[in-house]
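So the chains spell out like this:
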Amino acid sequence: MSLLRYLKRYSSEIILASFLVPALVLLLIFQLIPTIWTIWFSFTDMALIGKKLIHPSFIGLKNYVDMLNDSIFWQSMKVTFEYCLASLVLRFILGLLAALYLTSKMFRGKTILAAIFLLPYIIPGAIHPYVWISMLDTRYGTLNRILLFFGLTPQSWVYKRAMESVVMINSWAGYALAMLILSSAITSIPKEFYEVADIYGASRWQKFSKITLPLIKYPVILSLVLIFKEDIDDFTYVYMFTEGGPHYRTELLSLYAYHKAFAYFELGYGCAVGVIIAIIVFVLTLAQLKLGGV
Amino acid sequence: MSDVLKKISEPTLRVVGYVVLVVMCMYILTPLLWLLLTAFDPEGGPYLKLPKSITLDNFVMLFIGKPIKGRAGAAHPFYMNVWLKNSFFIASVVLVIIIITASMAAYALSRLDFTGKSLLMTFILLIGFMPSMAKILPLFKLCLMFGFIDNLFGVAVVIASSLLPTQIWILKGFFDSIPRELEEQAWVCGCGYLSTLMRVVLPVAGPGIAVIALLSFLGAWGSFTIPLILIRSEDLYPVSLGIASVFIHNPGEIGLAVDYGPLCALSIVYALPSLAIYYLTRKYLMQIKVGKMEVR
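First to last, the sequence lines map onto chains A and B.
44 is the number that this note's numbering gives to position 44 of the first sequence; each next residue is one higher, with no gaps.
204 is the number that this note's numbering gives to position 204 of the second sequence; each next residue is one higher, with no gaps.
Chain B extracted, bound-state conformation:
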C-alpha cells in the first residue's frame, strides 16, 4: 500500500516542486531585471522595457563624474569612486572588528559554564533589540563626545556594535557543535586558550566564520541609518547615502526627474562587491562538516 502511494507521490511531488520553484525565481528575479536592463539602456526610465541599443555610457559617466556629450540628464555630479572607497573602508573595518570580538566572545560563551550564562546570552540578544530609531539622538550625543562625527572609523565601530549581538549568537551555535575533545587534545599538547582558539577551533569553525563574515560585510556595506546620522560632509558618504543624495539633488520627488540610467549603473557597481564576497564564501554557507556533529 505504502509502496503504491510512494510511486504516485514521487513524480507529483517533483512537478509541484518545480512549479513552486519557478514561481519563486520569478518573484526574486523580475524586479532585478529592470535594474539590469536600465543600466545598459541609453534612455532608461523607471519602467521595464527592452533597450533599443546597449551602451556602457552609464558606467563611464559614474567614474568621470560628468555627463557624456550628447546625453541629456545627469545634471548632478557623481563622486562614485570616493563613495565606493568610503563604503569599502567602513565594511572592512567592521568585518575585522566583528570577526575578532565575536569569535572570542562566542568561544568563551560556548566553553565556559558559569551561573547566569543564559542570562548574559539573553542580555546580549536583547541589547541589540532596542529599535535603532529610538537610539538616534543619544547615539549622536555620544559620538559627538568621542569625536565620531564625520569619522569613518567611528561609523564603522558603531555599525559593528549594532551587528555584534546577532553574530555572537550565530557563532555560538557553530562553536557548540564542535566536539570538546578536539580542544582537550590541544591543551594536552600544551596550547593556551588563545592558541587553541586560533589554531584548532577557528579552522574547524570555518563555515561559521564565513557566515558571520558574509553577514557582517553585507550589514556594513548596505548600512544606511547610522551613516545618515553620523556623516555630514558629502565626500565621506558611503554609497548608500550617495544613492539617496542623488534623489535629493534632483528637483521633485522620486519619480521621472531622476536619470535612471546612471543610477542603475551605480546600483550594479554597488552590488558587485557583495556578490564577490558571497562568491568567495559560498562554499562554507551551505555545508558544515567535521566528523560527528552533536545536533541540538
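Same shape as in the complex, but just chain A:
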C-alpha cells in the first residue's frame, strides 16, 4: 500500500526519470560492458592468435609490472603529454579566436567566415591525411614552397619535425569544436550587459575579461574537456603519417596500445595500456571539472 502511495506521490518524477532509460541502455551495452571486458583482459595474457585467444589465463598484475620497466611505454607517455598539451593550447586558442571573429561587431562577412572556419571540421576525417600529404611533402609540398617563397628554410616535416606536423594537422582538423561551443555561448550573453559596460566606458579588453570570460566559464571548461578527450583517444593522424616513428618520437599511448595488440599480438598488454590511458583521462577530466566547479 505504501509503495502505491509512493508511486503516486512521485509519479511525474518517475515518468521523467524513465526518459533516461533509452540512452542509458545504449551506453551500458555498447560502452560500459566492452570497457569492463577490457579491464578484465588487461589482467590476462590474452593473445590475438593461437589458443591464448580462446583460453587466456589470469596473470594478475604482470602486464602492469612489465609496463613499469618498458622504456618504450615511458617514451610514448612523454610523447603523448607533449602532443596533448600542444594540441589543447592550439585548438583552444584557434577556436576562441574564431569564435570572437564570428561574434564581434568589428568584422564583416560573418556567413562566409563561419563557412570557411567550419570547413576542416565538416569535411570527413578520412580525407584529412591525403589532403595534408600534398601539404607536407619535403620536396614538392605546398608548405615548403611557401616557406621558400618567403626566403625561409624548407623543413623535413614528415620525418625530422614529425611531432610538429602531426600537431599542425590535428589542430587544423579540430579547432572548430571549441569554436562552435564558445561562439554559441558568447551569442547567448544578453546584449544589455555590454550596453551597461559601454555606458560606464569600459574598454574592449575589460568587456572581454570582465563580462565575456566569466559568463562562458562553463562552455570553456566543457570544450577543454572535449578537446583533451579527442586528442588522447584519436591516433588517426599519427597512424597515417608517421606510424609512431621516427624512433618512437610520435608513438602516442593509444597507438602503442594498438601496436601491442595488433602488431605484436599481445592483446592483454595492449588492453592494459588502454586501461592506463583511461585512468589518465579519468583523473584529468575530474580535475578539470573540479577546478571549474561544475
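Simulated from the structure, these hints should not be mistaken for laboratory data.
Hints should not be assumed to be uniformly reliable.
[What the hints assert, rightly or not] Residues of chain B clear of chain A, computed beta-carbon distances all greater than 12 Å:
1) E43
2) L152
3) L215
4) D235
[To be verified] Taking lysine-lysine pairs in the DSSO-like style, the calculated list, with each CA pair at most 27 Å apart, reads:
5) K217(A) x K283(B)
6) K283(B) x K105(A)
7) K141(B) x K160(A)
8) K141(B) x K51(A)
9) K117(B) x K290(A)
10) K207(A) x K283(B)
11) K191(A) x K283(B)
12) K210(A) x K105(A)
13) K191(A) x K105(A)
14) K62(A) x K51(A)
15) K191(A) x K210(A)
[Said to hold, decoys possible] Derived CB-CB ranges, DEER-like:
16) E181(B) x K191(A): 20 to 28 Å
17) F63(B) x S209(A): 48 to 56 Å
18) L3(A) x L112(B): 17 to 25 Å
19) F140(B) x K78(A): 30 to 38 Å
20) F265(A) x Y27(B): 38 to 46 Å
21) L144(B) x K105(A): 51 to 59 Å
22) A263(A) x F88(B): 30 to 38 Å
23) D113(B) x D70(A): 42 to 50 Å
24) L120(B) x I112(A): 40 to 48 Å
25) L228(B) x G201(A): 30 to 38 Å
26) N81(B) x I221(A): 20 to 28 Å
27) F140(B) x R145(A): 21 to 29 Å
C-beta: ideal position from N, C-alpha, C; glycine also.
Assemble chain B onto chain A, guided by the hints.
Chain B alone, transformed into the frame defined by chain A:
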C-alpha cells in the same frame, strides 16, 4: 587619457585582427586548394599545381565504375554510389537515434533533482572516455553475439552509443538555459511530460538540437574505426572505408601509385552532404535566442 588610448588602439586592433584573420584563413584553406584543383585535373598528382585543362572525367569515372577511354590509371573499380548509400543509411539512423535518446535524457537530467545526479552526469561523460582502441576486441565479441557484424543498422547503433555522451552534455547545457516557467505554464494547461518536451521545450531548444544534429551527423558520416571492425564485405563499406580501400587495392603504399584525380573527386562528393547539412543548420549554430537567458 583613456579616450586617447581608445582612439589609438581601435584602428590598430582592427589591422592586427585582419592580419591574424588572413593567416588563419590561409592555414585553413591551402590544404583544401589541392583537393579542389586535383579533382578537376585530368592528370592530377599528389602535389599542388594549376591544371592545364579542366575536366569532369574524374566525377564521371566514379559513377560508371570504370576508367574512361584514353585515360591511364584508375585500375580499381569504384563502388561509389553503393558506398554513398551505405554512409547515408548509417548517418541517418545515427541522427534519429541520437536526437531521440539524447534529448530525452538531457531533458530529464536538466529538470530532475535527485541525489547522485552530478555523479550520473560524470558517469555518462566518463563512460565515453574509454579510448576506443582498447574497446575493439570486446566490442567485436559483443557485436558477434548481437549479429551486428556486416549489419549497417548494428554499426549505426554502436556509433550512436559512442557519440551519445558528448551530445547529452551539450544538450543539457542548452536545456538548462531554458526558463522553467515556460514548462510550468504548459503543465498548468494540462500537458504531460512528453508533450511538454515535444511541443514546448524542443521548439525552444531548436539551436541545441541543430548543434547535436550537425555534430552527430558529422561523427557518423565520417566514422572510420567502428565500421573498420564491424564490416567485412566490400559492398557494405561506407565511403570512409572505401577511400581507405582505394589505397589498399593499389600496389605500393600511399604515394605516386594512386590515381589522385578520382580520389579527390570522391572526397569532394563525400564532403558535399556534410556541407549541405551545415548549410541547413547554420542559422542555429551561431545564435541562441529566447527571451531572457540565464547564463552560467
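Hints, one by one, checked against the model:
{"no.": "1", "hint": "E43", "verdict": "15 Å, holds"}
{"no.": "2", "hint": "L152", "verdict": "16 Å, holds"}
{"no.": "3", "hint": "L215", "verdict": "8 Å, violated"}
{"no.": "4", "hint": "D235", "verdict": "18 Å, holds"}
{"no.": "5", "hint": "K217(A) x K283(B)", "verdict": "24 Å, holds"}
{"no.": "6", "hint": "K283(B) x K105(A)", "verdict": "17 Å, holds"}
{"no.": "7", "hint": "K141(B) x K160(A)", "verdict": "40 Å, violated"}
{"no.": "8", "hint": "K141(B) x K51(A)", "verdict": "16 Å, holds"}
{"no.": "9", "hint": "K117(B) x K290(A)", "verdict": "15 Å, holds"}
{"no.": "10", "hint": "K207(A) x K283(B)", "verdict": "26 Å, holds"}
{"no.": "11", "hint": "K191(A) x K283(B)", "verdict": "19 Å, holds"}
{"no.": "12", "hint": "K210(A) x K105(A)", "verdict": "18 Å, holds"}
{"no.": "13", "hint": "K191(A) x K105(A)", "verdict": "12 Å, holds"}
{"no.": "14", "hint": "K62(A) x K51(A)", "verdict": "20 Å, holds"}
{"no.": "15", "hint": "K191(A) x K210(A)", "verdict": "14 Å, holds"}
{"no.": "16", "hint": "E181(B) x K191(A): 20 to 28 Å", "verdict": "21 Å, holds"}
{"no.": "17", "hint": "F63(B) x S209(A): 48 to 56 Å", "verdict": "54 Å, holds"}
{"no.": "18", "hint": "L3(A) x L112(B): 17 to 25 Å", "verdict": "21 Å, holds"}
{"no.": "19", "hint": "F140(B) x K78(A): 30 to 38 Å", "verdict": "31 Å, holds"}
{"no.": "20", "hint": "F265(A) x Y27(B): 38 to 46 Å", "verdict": "41 Å, holds"}
{"no.": "21", "hint": "L144(B) x K105(A): 51 to 59 Å", "verdict": "57 Å, holds"}
{"no.": "22", "hint": "A263(A) x F88(B): 30 to 38 Å", "verdict": "34 Å, holds"}
{"no.": "23", "hint": "D113(B) x D70(A): 42 to 50 Å", "verdict": "47 Å, holds"}
{"no.": "24", "hint": "L120(B) x I112(A): 40 to 48 Å", "verdict": "42 Å, holds"}
{"no.": "25", "hint": "L228(B) x G201(A): 30 to 38 Å", "verdict": "58 Å, violated"}
{"no.": "26", "hint": "N81(B) x I221(A): 20 to 28 Å", "verdict": "44 Å, violated"}
{"no.": "27", "hint": "F140(B) x R145(A): 21 to 29 Å", "verdict": "44 Å, violated"}
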